[in-house]
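Model the full structure from these sequences, guided by the hints.
Number of protein chains: 2
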Amino acid sequence: MAESMTETTERTAERPATVPRPVGAPDGHDAALILERSRRSVDPELRAAVDSLPASMRRIARYHFGWEHADGTPAAGNEGKAIRPALVLTAAAALGGPEARAGAARAAAAVELVHNFTLLHDDVMDRDATRRHRPTAWAVFGDTDAILAGDALQALALRLLAEDRHPASQAAAARLAACVVELCAGQQADTALEHRAPGEVTLAEVLAMAEAKTGALLGCACAVGALYAGAGKEEAEALDAFGRQAGLAFQLIDDVIGIWGDPGRTGKPAGADLAARKKSLPVVAALTSGAPAAAELAELYSRPHREGREGEEELQRTALAVERAGGRDWAQAQAADRMARAVDDLARAVPDPAHAGGLLALAEFVTRRTS
Amino acid sequence: MAESMTETTERTAERPATVPRPVGAPDGHDAALILERSRRSVDPELRAAVDSLPASMRRIARYHFGWEHADGTPAAGNEGKAIRPALVLTAAAALGGPEARAGAARAAAAVELVHNFTLLHDDVMDRDATRRHRPTAWAVFGDTDAILAGDALQALALRLLAEDRHPASQAAAARLAACVVELCAGQQADTALEHRAPGEVTLAEVLAMAEAKTGALLGCACAVGALYAGAGKEEAEALDAFGRQAGLAFQLIDDVIGIWGDPGRTGKPAGADLAARKKSLPVVAALTSGAPAAAELAELYSRPHREGREGEEELQRTALAVERAGGRDWAQAQAADRMARAVDDLARAVPDPAHAGGLLALAEFVTRRTS
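Note that the protein sequences, when read in sequence, are chains A and B. In terms of this note's numbering, the first sequence opens at residue 1 and continues consecutively. In terms of this note's numbering, the second sequence opens at residue 1 and continues consecutively.
These are calculated hints, taken from the structure and not from any lab test. Check before you lean on any hint, since a few could be wrong.
As the list claims (entries may be wrong) - Pulled a few chain B residues facing chain A out of the computed Cβ check, cut under 7 Å:
id	residue
1	A70
2	P74
3	D151
4	R159
5	A162
6	C184
7	A185
8	Q187
To be verified - Cβ pair distances, simulated, as ranges:
id	chain 1	residue 1	chain 2	residue 2	range
9	A	G77	B	A295	43 to 53 Å
10	B	A48	A	R132	39 to 49 Å
11	B	E205	A	A75	26 to 36 Å
12	A	R132	B	E99	49 to 59 Å
13	B	E194	A	E194	26 to 36 Å
14	B	A102	A	H69	13 to 23 Å
Even glycine gets a Cβ: it sits at the ideal position worked out from N, Cα and C.
Spelled out as structure tokens, the structure:
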């Protein structure tokens, strides 16, 4: 249920998510420009790292990143938004200025490699056949090659840090490796929750899963950037918390869009998460609300989704039940709350709003305030 | 085809492999004692590392290591021979004495974690349902959990090194991460070769595959031990080469046993590799020999194996064809050649035979001179 951020930032809600604009909002910090500039710094590192792989692994990785077609011919490339490396660089800049930013390009590439390792493996496990509008690596090369390419990208990420002469590289590697373990636990929880009966899943469990699966790597990206700026443990922890809370806000909004979102923009029809009976955050909030509509929702979720007109009408009833049981309002309020916490955490780490602006712009971007 | 060393050291050949006893053979270096002593140093590190995992990952890892049954109750444990951590510690001792050995326990645990990550993933990809006389992790917990536990063990290995304060830890991490990439390429080549027609596979390809899949981590284990003894790049490279050549010798002998081995000792009937039509080293040597029996072997390999008495007779004919085409003699001679190279590489790194004895004993153990 925890969607990949890179896949879903194109979505827009039918009505925009109502996260209040935080105090100290960025002026002159445009997320799109930050992302574009970050890509220019990180892409050469990323491509050099991938090109250092043996031919068999390189081929799968280059396909996955969208740099090549399945037959090995060059492709225009669509690597996704690359939010995570941008967070590394922007966090480094916020705490250490342009010099720290320049020194963190390899670490940013390492974080992006970890993200893509998880995408390769998640697609195998979730049997997702499409990503970034192309067949997934396992769909093209088979499960074995996709699993091995993912394994190789994880190793490559940690090799980049181990070979980086920056004084923070070892602490960053320890942090990134610990984050990978958390990402694994998050994905495990996600698949395990999907196999449980809807009535047996608590909101705390789904929130913890979303934090591990989505928040952890965003937090780690920020913390790695802080370490590369020479920041102490407290600042790194505060930026980690910022990234985690922003990640949770993202996931909450994404889950709202997964139920009521704009199919024209997403390629995914509204209600797709409901049709798949996903235990997304608004759904579990509704199921555990104790409201009368919760029982109706549980009853609807206990049956398999049907295609056709009847199924469509049922999806609309299901979405309405989530809404009437308070799932939508809860998710919006939670997202706002998480963004407010993120802003507090950011202020702890970076008290000067002029320096915090870039990170704030990125957090707002992922929660779609600016899209 | 490249079997895991931990699974197969129990095998003995009907007639022992004829690797000549090298000059400078160990006196007073008993491989079984070295392995036992190594286990006592590494086990606490390994268990502490695994116990630091989140509950969902810990459970699968503890089952995989044989410390727990599937229901979480304690098990007697059968982690295999743990050759690789013993190589780390013995290489450290050979170049740096007892102090270097004592400082390398965490690095040895890291290497063993990487080995077990590859076992977890290889079993998923190869659909192997049994390991160490128990159902494999995927057979018990499903593919998703086994893949994630493998991912987590790789991360844990690199976290151990990143958190290790030893001056060699970062260089060791770089080396181990690069080795993981090579292991992935080796496993990829292995599965790709199995899908190709027997006549299209060259001996050079199968040797390169075996070096990447089996030799690389044995070499890396020795090199990591060297680094932890403060050795320079040249000594580390020489010990890496020693481990690689010993690993190839092991694989060659193991492939011989996979065709003519003792079913009583292995649990795997003689001819099992032939029944599975594996393109093992003696088979490819025979197929590419140009001998008259090569054509008969190619013909036999082009048909699926049949169960029953007819199939049995056919297996005997197949083994005979490999032998008559020179596959067995070639493999024995290659194994002897690889062991001789290993001994040379060892002498370059550790000129004093008294210090080299432990590593030599382990190399002989894995190639079954001492079993």
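- Evaluation of the interface hint that places P74/B against chain A, nearest CB under 7 Å: Constraint on P74/B not satisfied, violated at 23 Å.
- How does the Cβ-Cβ distance of E194/B and E194/A compare with 26 to 36 Å: does it lie in that range? Once the Cβ atoms are compared, 33 Å apart, the range 26 to 36 Å for E194/A and E194/B holds.
- CB of A102/B to CB of H69/A, is that within 13 to 23 Å? Since A102/B and H69/A have Cβ atoms about 53 Å apart, the given range 13 to 23 Å is violated.
- Is the hinted range of 43 to 53 Å satisfied by the C-beta distance from G77/A to A295/B? 49 Å, holds
- Message: A closest beta-carbon separation below 7 Å is what the hint needs, so does A185/B meet it against chain A?
- Response: Check passed: Cβ of A185/B comes within 4 Å of chain A, closer than 7 Å.
- Proposed interface contact between C184/B and chain A, which counts if any beta carbon pair is under 7 Å: 4 Å, holds
- Query: Does D151/B pass the interface hint, meaning its C-beta sits closer than 7 Å to a C-beta of chain A?
  - Reply: OK, holds: D151/B within 7 Å of chain A, min 5 Å.
- Q187/B as an interface hint toward chain A, with CB separation required under 7 Å: 6 Å, holds
- Query: In this structure, is the beta-carbon distance linking E205/B and A75/A contained in 26 to 36 Å?
  - Reply: About 29 Å separates the Cβ atoms of E205/B and A75/A, which means 26 to 36 Å holds.
- Please test the hint of 49 to 59 Å on the beta carbon pair from R132/A and E99/B. 52 Å, holds
- For the hint on A162/B, just tell me whether its beta-carbon gets within less than 7 Å of chain A. 4 Å, holds
- Range agreement (Cβ of R132/A with Cβ of A48/B, hint 39 to 49 Å): 40 Å, holds
Going through the hint list in order, the structure does not satisfy hints 1, 2, 14.
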